[in-house]
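Visitor: When you get a sec, could you build the whole thing from the sequences and use the hints?
Chains as they are written, first to last, in this note's numbering: chain A, 96 to 387; chain R, 14 to 269; chain E, 74 to 458.
Rather than coming from a laboratory, the hints here were simulated on the basis of the structure.
Please read these numbers as outputs of a predicted model, since none were measured by experiment.
Hints are not guaranteed to be accurate.
[What the hints assert, rightly or not] Now the stretches of chain A that chain R is said to cover, found in silico as 3 or more residues with beta-carbon under 8 angstroms: (1) 263-274; (2) 323-334.
[Unchecked claim] Below, simulated DSSO-like cross-link-like pairs (lysine-lysine); rule was C-alpha separation at most 27 angstroms, straight line: (3) E/K425 - A/K251; (4) A/K208 - A/K368; (5) A/K290 - A/K368; (6) R/K61 - A/K290.
Ideal Cβ positions, reconstructed from N, Cα and C, are used throughout, including at glycine.
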Amino acid sequence: MNTVAGYNFAYLDEQTKRMIRRALLKAVAIPGYQVPFGSREMPLPYGWGTGGIQVTASILGRSDVLKVIDQGSDDTTNAVNIRRFFAQTAGVATTDSTGEASIIQTRHRIPEKPLGEHQIMVYQVPLPEPLGRLEPREAVTRKLHALADYGLMHVKLYEDIARYGHIASTYDYPVLVNGRYLMAPSPIPKFDNPKLHMNPALQLFGAGREKRVYAIPPYTRVESLDFEDHPFSVQRWDEPCALCGTADSFLDEVVLDDAGGRMFVCSDSDYCKTRQGAGHTGSQSPIPAEAT
Amino acid sequence: MNPLLRVEGLSKRFGEHIGCADVGFDLYPGEVLAVVGESGSGKSTLLKLLSTRLAADAGHVRYQITGRGLVDLAELSEAERRWLLRTDWGFVEQNPRDGLRMNVSAGANVGERLMATGARHYGQIRATASDWLARVELDPARLDELPTGFSGGMQQRLQIARNLVTRPRLVFMDEPTAGLDVSVQARLLDLMRELVTDLGLAAVIVTHDLAVARLLGHRLLVMRRGRVVETGLTDQVLDDPQHPYTQLLVSSVLQV
Amino acid sequence: MYVAVKGGETAILNSHELLAAARRGDEGVPEISPAQIREQMRLGVARVMSEGALYDEELAALALKQAAGDQVEAIFLLRAYRTTLPRFGYSLPVDSGRMNIRRRISAAFKDLPGGQVLGPTYDYTQRLLDFSLHAPAACKLPPCADEPLPAAMPRVADLLGHEGLMEAELPPAGDPAPGDLSREPLRFPADRATRLQNLARGDEGFLLAMGYSTQRGYANSHPFAGEIRMGEVALEIVPEELGFPIAIGEITLTECQMINQFAGSSTVPPQFTRGYGLAFGEAERKAMAMALVDRALRAAELGEEVVAPAQQPEFVLSHSDNVEASGFVQHLKLPHYVDFQSELELLRKMRKRHEGRKKVSVTEGNPLFGTGGKAHTEIAVGENA
Numbered sequence: 096m097n098t099v100a101g102y103n104f105a106y107l108d109e110q111t112k113r114m115i116r117r118a119l120l121k122a123v124a125i126p127g128y129q130v131p132f133g134s135r136e137m138p139l140p141y142g143w144g145t146g147g148i149q150v151t152a153s154i155l156g157r158s159d160v161l162k163v164i165d166q167g168s169d170d171t172t173n174a175v176n177i178r179r180f181f182a183q184t185a186g187v188a189t190t191d192s193t194g195e196a197s198i199i200q201t202r203h204r205i206p207e208k209p210l211g212e213h214q215i216m217v218y219q220v221p222l223p224e225p226l227g228r229l230e231p232r233e234a235v236t237r238k239l240h241a242l243a244d245y246g247l248m249h250v251k252l253y254e255d256i257a258r259y260g261h262i263a264s265t266y267d268y269p270v271l272v273n274g275r276y277l278m279a280p281s282p283i284p285k286f287d288n289p290k291l292h293m294n295p296a297l298q299l300f301g302a303g304r305e306k307r308v309y310a311i312p313p314y315t316r317v318e319s320l321d322f323e324d325h326p327f328s329v330q331r332w333d334e335p336c337a338l339c340g341t342a343d344s345f346l347d348e349v350v351l352d353d354a355g356g357r358m359f360v361c362s363d364s365d366y367c368k369t370r371q372g373a374g375h376t377g378s379q380s381p382i383p384a385e386a387t
Numbered sequence: 014m015n016p017l018l019r020v021e022g023l024s025k026r027f028g029e030h031i032g033c034a035d036v037g038f039d040l041y042p043g044e045v046l047a048v049v050g051e052s053g054s055g056k057s058t059l060l061k062l063l064s065t066r067l068a069a070d071a072g073h074v075r076y077q078i079t080g081r082g083l084v085d086l087a088e089l090s091e092a093e094r095r096w097l098l099r100t101d102w103g104f105v106e107q108n109p110r111d112g113l114r115m116n117v118s119a120g121a122n123v124g125e126r127l128m129a130t131g132a133r134h135y136g137q138i139r140a141t142a143s144d145w146l147a148r149v150e151l152d153p154a155r156l157d158e159l160p161t162g163f164s165g166g167m168q169q170r171l172q173i174a175r176n177l178v179t180r181p182r183l184v185f186m187d188e189p190t191a192g193l194d195v196s197v198q199a200r201l202l203d204l205m206r207e208l209v210t211d212l213g214l215a216a217v218i219v220t221h222d223l224a225v226a227r228l229l230g231h232r233l234l235v236m237r238r239g240r241v242v243e244t245g246l247t248d249q250v251l252d253d254p255q256h257p258y259t260q261l262l263v264s265s266v267l268q269v
Numbered sequence: 074m075y076v077a078v079k080g081g082e083t084a085i086l087n088s089h090e091l092l093a094a095a096r097r098g099d100e101g102v103p104e105i106s107p108a109q110i111r112e113q114m115r116l117g118v119a120r121v122m123s124e125g126a127l128y129d130e131e132l133a134a135l136a137l138k139q140a141a142g143d144q145v146e147a148i149f150l151l152r153a154y155r156t157t158l159p160r161f162g163y164s165l166p167v168d169s170g171r172m173n174i175r176r177r178i179s180a181a182f183k184d185l186p187g188g189q190v191l192g193p194t195y196d197y198t199q200r201l202l203d204f205s206l207h208a209p210a211a212c213k214l215p216p217c218a219d220e221p222l223p224a225a226m227p228r229v230a231d232l233l234g235h236e237g238l239m240e241a242e243l244p245p246a247g248d249p250a251p252g253d254l255s256r257e258p259l260r261f262p263a264d265r266a267t268r269l270q271n272l273a274r275g276d277e278g279f280l281l282a283m284g285y286s287t288q289r290g291y292a293n294s295h296p297f298a299g300e301i302r303m304g305e306v307a308l309e310i311v312p313e314e315l316g317f318p319i320a321i322g323e324i325t326l327t328e329c330q331m332i333n334q335f336a337g338s339s340t341v342p343p344q345f346t347r348g349y350g351l352a353f354g355e356a357e358r359k360a361m362a363m364a365l366v367d368r369a370l371r372a373a374e375l376g377e378e379v380v381a382p383a384q385q386p387e388f389v390l391s392h393s394d395n396v397e398a399s400g401f402v403q404h405l406k407l408p409h410y411v412d413f414q415s416e417l418e419l420l421r422k423m424r425k426r427h428e429g430r431k432k433v434s435v436t437e438g439n440p441l442f443g444t445g446g447k448a449h450t451e452i453a454v455g456e457n458a
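Guide: Given below as structure tokens:
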């Protein structure tokens, strides 16, 4: 595939990529620490993945195979748009298959299929500061991180339990990385939090509008905050995926009609398709047709 | 016995204005020092200097840290200072709203220091917070309520519980009863005297009210224009003031 | 590797064509050219240049055409373009004292050296819709003044400075080179040079509202429009191989110096202080609003109490950029069904619990929740009485 004339490989100029890679190296060296970087204005609106795109652009090589997902799916418009952007500006191979990808840029999900050491996850991050909702002043939160003073976050979790009987965060659930830095895992459902822990893949996080990158190196401890007597737990569904029958994946609720009819299907479209291809079925599986 | 706090030559200026000049004293474990003076006498500045909220121009504040002896607080890192502030020290603000988180429950207010120092068992944090509410004569059934619904006296007691839950050795108090009605004040003073004795707390209490000083203070420090004009055992100073300014203070109280 | 075209991709491409058709509108009406926009929509062009942070009338006009007149979209287009441009160098500071003035007014003095110059302004038009503009018409220039404007027009703030009534505008200690917000992230605390850069790129509507709030009691600024001047200034660079400055062209600027009261502090006598605004092109509203906000943001530095939003640097500077704001507000239309699903689950769980709790409290009362507010109110009142 040819790249767009007049622009550098993967859009960003090499100086900028080097600057971002330096920031990423620092991020890897201090797991969970938010490294400020000279975020550039991208031809994509802020909040739509400008951080993830810059990270991907700065690490992308010609032999990479790129997968882009949004809400777990390769087919959502924003994922299609970002994949198209790199296909045009870098001409790299793209794929829907989690296993084949060397770089996976994501918004809001981690694929269900376990990742390997040869892979890099790039997360799009809207709000990198986990303490931001409790303390909006950056000058203050920076100090709290420096001093590992995270009592405030536990006050919030305590208050949740006192009010609702359980911790009321369901996504962007705060984690402690390598026993040191409190980190926002980006708005992934807490269902995905356990996948952050000791993951063989390198995990990079880019926040373009807020101008921060951070990282979880391979095989790093990542703990979701909780109390001993209210341990962290993930969502479970009462029924399996209606298309592939799995009971282990994050399910989207699909509204079928206006009379309360609904079904639950995998949010990870590649995972679901792979399972269906292997012959797994669910309650709403189409009746097998003639091979076309 | 070694002093818990040793203060020497403490001075602070604000431009032309003298905040505090050459203040020095020793404070021993379990001892309550009352600092009295009119507004503008420098007593609140002194409290800020002692509690490291303000940096001094000259002089030293040394504190007995377990295993390290008397350590100059100016030499501590910010992390160490903050650790002291949330474990070994307490600070009771004049206005409880400045010392409480008004948007979280009473239980969370009391539990915060426990969580900041590593407590991770919700049930135990809750039980400890509940005990402390009872100790400061608040109904433990109100553990999950916001302090906004509490009266001023109740908020002040909640603030005291929040500070004492980590069993500090030293507590700073800035006019802790000033905003309260007289009847509420008396009850709070009784409670504070009890707690200080039971817990063996050392305390520095800033007040303009000689009655508060007499009730709580073992020793008295009289300040005027940033300087200490008289110091001694509380009863001694109040019954037989030597400095004309102290005499004036004492007589003006008697006149009321 | 072959990538199959997805439904999403087709939809995106079709949407582009629909957009182009909508932009063109009725083909019976002649198509507008960037040159027409540049010449006849110059104030719109100026705003796109200021907030797009690129002085290029051609490109700003093109962006406005492409954005169908949507300024924030045009600003975004210009920003996304400029980010890829190589840097050849930095210009020397422009000297607004040597501005070739077309407009210059002061609200602080009736007359002043150089005089008041009204120039082209909407200020004293009567805002009556001019129906004659339906048809093309020739326009005439007013007669020239009897004598040319003086070459030197001292800045009003400098006039007061001679008397010591105006704070000296001194560079910070060590005179460090200002940072470059388009290359370095905004960090707090931000120095004044950085704040001014941010405000210069900031959204005019946002600055207008923040500046306005300082006049209505949210901050206490007592401003006077010391001077507003608009005109052309020469832009100079020093090429490395030459070693001396050469003019590379001129740009139009609007500059505003607000004069504000200052009561003084223990170390500084009472004096006037400044708020500064600068924008590309003719942009008086922007420059004035910027000057108000700049002064408000100096509250902490001048030892004033910080009580209003316009005085909080983190609040103002983090929310002034319309490209950032527009993107993040509009990202809400991206799919959020994973997060929404999680919230849905939580809500159902909470409602189940709520139902259960209601039953408990009706039968036996729950010591943890809801002892009811009434009894507490009575205790509180009793204690305060």
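Visitor: Does each hint hold? Answer for all of them.
Guide: Verification of the hints:
1. 263-274: Contact hint for the region 263-274 of chain A vs chain R: violated, 0 residues under 8 angstroms.
2. 323-334: holds (count 3)
3. E/K425 - A/K251: holds (22 angstroms)
4. A/K208 - A/K368: Roughly 12 angstroms separates the two Cα atoms, so the pair holds.
5. A/K290 - A/K368: Answer holds: A/K290 to A/K368 is near 21 angstroms, not above 27 angstroms.
6. R/K61 - A/K290: Given that 27 angstroms is the threshold and the Cα spacing comes to 47 angstroms, the pair is violated.
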